[in-house]
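Whole structure, please, built from the sequences with the hints as guidance.
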Amino acid sequence: MEATQAQLISLLDGKKQFTIPIYQRTYSWHQKQCYQLFQDILKVGSDKSELTHFIGSIVYFKPGTSPVTSVPELLVIDGQQRLTTVSLLLLALTHFLKDNKEVTLEDETWEEVQETYIVNKHRKDDTKYKLLLTKKDKDTLKNLIDEVKNDESASQRVLDNYNFFRQQITASNVQQLYHGIKKLQIVDVILERGKDDPQLIFESLNSTGVDLTQADLIRNYILMGQTLDKQNELYLKYWYPMEKNFGEKIHLLAWFIRDYLTMQENAIPKIDEVYEKYKKFISNKKAFDSIDETIKSLNRYGDFYVRIALHKESDPLLKSKFKEISKLRIDTSYPLLLAVYGDYEDEVITKEEFVSILDTIISYVFRRAICGIPTNSLNKTFATFYKRLKRETYVESFQANLLLLGSYRRIPNDVEFEKALKVKDVYNFRTRNYLLESLENYKRKELVNAENYTIEHILPQNENVPLAWQQELGENFKEIKAKYLHTLGNLTLTRYNSELSDKSFSIKMDLEGGFKMSPLFLNDSVRNKTIWNETSIEERAKVLAERAVKVWKIPALSQEVLDMYREPETVNEENSYTIDDYEYLNGDMLTLYKI
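Taking the numbering used here, I'd label the letters of the sequence shown as residues 1 to 595.
If you're looking for bench data, these hints aren't it; they were derived computationally from the structure. You may find that some hints are simply not true.
What the hints assert, rightly or not - Okay, derived cross-link-like pairs now, BS3-like style, lysine-lysine, Cα gap no bigger than 27 Å in a straight line: (1) 16 to 138; (2) 443 to 550; (3) 62 to 244.
What you are looking at is a predicted structure, and each value in this text was computed from that prediction instead of being measured.
As structure tokens, then:
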């Protein structure tokens, strides 16, 4: 590595081309940053002393040997934002001089400035341009230089900043501006391919103040140091399609890689440590034979991730199950689901077996939520679960290992689940719509969307219990209301919530749009009642709870089968406790213990 202090314009002088790698982010400077640079340049330009203005480093690879007639290509590792901004400023300056021929510099024409710092003279192809940007920035800058009109697909940031500089340049400041540009200083860092590690240098230069995401750093780590052709190949074939697949949810790319690492390592990295953990995973495990296999694996599982988490699955049944998982916010299961999806894709398991596993995960999480079991341990449970599966008895081993989870990781049995459902405050439960919708749609061909309905309290919420309801409930009406108001037995779906309101049960029953006319299953157990009291609510709760056991069913395996998968108790990471696993230690109390 060679590092020297130099004038920026001396770096641009001569036959050469600075190329921005295709994987780097596009030009991102805002007008505020351009304004500050412009003011700094004017200030230093007006100073008659030898004062200079330092703007940072430009890091690039030394060009290889090439014919004398060719244009040396310099691959930029760091400094593209500064290089691009100053190039836009120089271009705006030359265009100003071209349009205002009465204004001149002291000893240079606009053509000389452009041919020294912006273009390589006598070149017709892309080697004409001293700075070759990436993606849509590339064509936008080329069109500005060639004075060709840009269309709607142009890079707005490049256009905006060029236009900003054009507006700022005047006859009274152009000489001062050019003098200031000549006084811009950089650290000129030249790397030698095969000897210098560009990633280490990049990290040291960008250790503060740069808003690169964990995914950005990983992308650079994979591609940096490859030849330009190899970078283009890997980026266009694997990384760019993955980014495009995430679309507007590109911020989830780092979270996907976190889940990918969890799947690979059976341990959950912190989101701000994903980059460091990924580097260790690649270097320590020697997981892949080539850089192609490394990025190909990320691309493969990234595709699975968007099918699962972003609902881009093409199979309708699988898509509905993934949406169900999203409704329940079971994102802690993604590392496990990525691995299982890989086996499904490789035809290790069938679609029916995959659906069975998804149903079991949904039942496991939902039953625990209804029973109020804290979710602290779920991420660790799912992170280590895949390694227990046996390929020859895939689904059975999945079911058995889930059923064998004990204590704070257990799956509630039917009795515990039914009991909790009958007494739980369902109305203030986060997934109440999902609960009622699922109960309604069980074995139903024409599915109901709960979002098209409102939740109706059969015994109304009105703080002052109407006289008709006092008579309906009996002398203990206050206690009955307090106990049952928000429970499953007293809740249903309707499109006539405002009409039903706090009317008496008989009116709610017979009113147009009332319970007798409702086509919903949820109201079958209402319209067969002649009175709505404590007994009626308990009876309906029992009916719905029994149905829930069928909706969110758990596998039934014999003790003999379970014993085949039971492991002897040993003290290891999987059956040892941590503060995060303690069932009743959560919220502020958990935070207190971690201080």
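| task | For the pair we were handed, residue 16 and residue 138, check the Cα-Cα distance against 27 Å. | result | Roughly 17 Å separates the two Cα atoms, so the pair holds.
| When you check the alpha-carbon spacing of residue 443 and residue 550, does it fall within 27 Å? | holds (10 Å)
| query | Between residue 62 and residue 244, is the straight-line Cα distance small enough, at 27 Å or below? | reply | violated (32 Å)
Taken one by one, the earlier hints fail for this structure only at number 3.
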